[in-house]
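K.L.:
Taking the hints into account, I'd like the entire structure generated from these sequences.
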Amino acid sequence: MKSGERAGVTGGTARLRVPVGEDAEQWVTRVGCRRVLFIVHNVTSATRLLDVLPLFHSDVRVQMFATCTGSSPFLAGVPELLAQAGLPVLPWEQARDTVFDLAVAASYGGELGSIRGKLAILSHGMGYNKRLGTPDTGHRTPDTGHRTPDTGHRTPDTGHRTPVFGLAPDWLLEDGRPLATATVLSHPEQLERLRSACPEAVPTAVLAGDPCYDRILAALPQRDRFRRALGVGPGQRLIVLSSTWAPRSLFGGAGAGGAGEPGADDLLPWLLSRLAAELPADEYRTTAVLHPNIWYGHGPGQVRAWLDNARRAGLEAIPPLDGWRQALIAADCVLGDHSSVTYYAASMGIPVLLGAFPQEDLDPLSPVAALGRTAPRLFRRGSLRAQIDRAITSHNPGRYKELAEQTSSSPGESAALLRRLFYGLMGIPEPEGHPALLDPLPLPPYVPARVTAPIRVLVRQISSDPPELALVRYAVVGDEPDPSEDPAVRVDTAHTVVDEETRETGRLRVADVVVRHAAGDDPRLGPPAAWASEALDRYPYCGLVAYVDGPDRCVVRTREGDLVRLSAAADPEGRPDLCDPAVYASALYAWLASGQPLADALPTITVRTGATAHHVTVELLPPSPPPTGSHASSSASPIRIRSAPTRSPFSS
Numbered sequence: 001m002k003s004g005e006r007a008g009v010t011g012g013t014a015r016l017r018v019p020v021g022e023d024a025e026q027w028v029t030r031v032g033c034r035r036v037l038f039i040v041h042n043v044t045s046a047t048r049l050l051d052v053l054p055l056f057h058s059d060v061r062v063q064m065f066a067t068c069t070g071s072s073p074f075l076a077g078v079p080e081l082l083a084q085a086g087l088p089v090l091p092w093e094q095a096r097d098t099v100f101d102l103a104v105a106a107s108y109g110g111e112l113g114s115i116r117g118k119l120a121i122l123s124h125g126m127g128y129n130k131r132l133g134t135p136d137t138g139h140r141t142p143d144t145g146h147r148t149p150d151t152g153h154r155t156p157d158t159g160h161r162t163p164v165f166g167l168a169p170d171w172l173l174e175d176g177r178p179l180a181t182a183t184v185l186s187h188p189e190q191l192e193r194l195r196s197a198c199p200e201a202v203p204t205a206v207l208a209g210d211p212c213y214d215r216i217l218a219a220l221p222q223r224d225r226f227r228r229a230l231g232v233g234p235g236q237r238l239i240v241l242s243s244t245w246a247p248r249s250l251f252g253g254a255g256a257g258g259a260g261e262p263g264a265d266d267l268l269p270w271l272l273s274r275l276a277a278e279l280p281a282d283e284y285r286t287t288a289v290l291h292p293n294i295w296y297g298h299g300p301g302q303v304r305a306w307l308d309n310a311r312r313a314g315l316e317a318i319p320p321l322d323g324w325r326q327a328l329i330a331a332d333c334v335l336g337d338h339s340s341v342t343y344y345a346a347s348m349g350i351p352v353l354l355g356a357f358p359q360e361d362l363d364p365l366s367p368v369a370a371l372g373r374t375a376p377r378l379f380r381r382g383s384l385r386a387q388i389d390r391a392i393t394s395h396n397p398g399r400y401k402e403l404a405e406q407t408s409s410s411p412g413e414s415a416a417l418l419r420r421l422f423y424g425l426m427g428i429p430e431p432e433g434h435p436a437l438l439d440p441l442p443l444p445p446y447v448p449a450r451v452t453a454p455i456r457v458l459v460r461q462i463s464s465d466p467p468e469l470a471l472v473r474y475a476v477v478g479d480e481p482d483p484s485e486d487p488a489v490r491v492d493t494a495h496t497v498v499d500e501e502t503r504e505t506g507r508l509r510v511a512d513v514v515v516r517h518a519a520g521d522d523p524r525l526g527p528p529a530a531w532a533s534e535a536l537d538r539y540p541y542c543g544l545v546a547y548v549d550g551p552d553r554c555v556v557r558t559r560e561g562d563l564v565r566l567s568a569a570a571d572p573e574g575r576p577d578l579c580d581p582a583v584y585a586s587a588l589y590a591w592l593a594s595g596q597p598l599a600d601a602l603p604t605i606t607v608r609t610g611a612t613a614h615h616v617t618v619e620l621l622p623p624s625p626p627p628t629g630s631h632a633s634s635s636a637s638p639i640r641i642r643s644a645p646t647r648s649p650f651s652s
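For what it's worth, the numbering used here labels the leading residue of the sequence shown as 1, then goes sequentially.
Since the hints were made in silico from the structure, they are not lab data.
Please read these numbers as outputs of a predicted model, since none were measured by experiment.
Note that CB positions come from ideal geometry on N, CA and C, so glycine has one too.
A portion of the hints provided could be inaccurate.
FRET-style restraints, in silico, Cβ to Cβ [stated by the list, open to error]:
1. Leu602 with Gly550: 15 to 23 Å
2. Lys401 with Pro527: 53 to 61 Å
3. Ala613 with Pro540: 30 to 38 Å
4. Glu22 with Glu405: 49 to 57 Å
5. Ala14 with Glu405: 25 to 33 Å
P.N.:
Take a look at the structure:
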């Protein structure tokens, strides 16, 4: 028994007995299949392998396997991903001992040269752009995180610069010979750099486009659906924060020319706080797309903890495996760095602002380095919102045309090119009657905009007949000044709304409006009317409570006991208004608190958020059974909302 093996287990993974193994012949069902091995280094590389896995679908002649080299420090998440893929998983030692017809990897590192079979290596991002220190050739492990770019040798013709990952002999050769049978490139510009950096590997080079980019291109017509899935309605802007990994990334904050100042201090805390403080909650939606090495290097729980204030203010952290491409397609602006995601955004014509961009970490001849010389920077000084709005309104869609042309040699054709390559390496014809296809990007689940931090609502009454109010809502996180006290802001009244599920439970005692988001038939809460009666008793300070039971509607109860259904009108095609219905509750609260009767708000009230008008039906519901609490007044009494003193969560 080899060292490290015990009872058929190697490196924590059981050795397979079927469909390969010492006695597989007596257990296997389909015999004579060609063997294809997917070699995973970490979650990042695995995502590219998952892109191409469908190229072998519907072919009963092929048996697929997966293995993990164990060479990357970012191994967290790999076992779960492999289990989800549902392929037989070989321990690395068994994979090295088994003969395969084809092995496919999407990174370098590990003892790839020991694989017994033809090896095709794909890139796992937008080509090869980053410089990484010379690998440990004994284990060929580039993903150590010890990135030591030789910043003193940045010129492309020097012989002493740090090698470019994936294009230098350090990665491509073993004992002076090419490591891969096929080195797959996505664009001819990579071939030119390969020819200069490692001519020995040029005979193995294959131009086959970019399957990740092709999946994005194929999904572009779904943009409106993706936006609705992310809770982005008409008139709203989706801002995506994108970061690669490592200290000099946007999320790393180690000073990489961000904020318009080389060597600037950590930009991330400032950026997260300004996203919450400056962007009105109903005019902007924010998401974060972070490199898997951030998620799995530091732990998903830690990443969510770092983003906690921003998440409570409405930021949606996109999971590292699914959804990032859909968010990118849906975006109005990307705040990024030297990541492939930021480059893909520019290629798609999306405005980008660079919050970090360490040029010295990149091959100066690479397309990503060119993006850093082309895209505008994000400045710490000045208004974040103004910079975002300016980037969007002044954007020229053709600004990144040349960069887009370097994303793929054959847009939309990578599936056919890669399958032809793979089957050629296996020595069998491609399956007849089955075109080479990539999986379409799935429609993400609907994620409504949700702010659980206290919200400060600024109200301006536009008209009393018919009723029309303009509302601007800001999440309250940290020690930001009260926006209603800004002399540049025109506001008639202001009040505070608190979600019942807030972490800041003390704020519920001083909230003007208390909100609950839940299904109308949630048995834990009771029907909306019952919850509303209970909530008014529980929070005696508030003047109105709202139960949001749908994407465009809520039930509110006033302090006088009136039960009201607020429903936003659908768009001309019948789609629901996706603005948070708590806005409509705030509008009604402001209307009543100003001394105007509920009857004058019937049957409709217009609520404006930014440039968008929401036409809201105000329906007085039949009275529910008399509540046991003290909140209700006589039904014959005139309707009045106690105009509470302006007590906001900005004050202690």
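K.L.:
Hints broken by the structure, by number, lowest first?
P.N.:
The structure breaks only hint 5.
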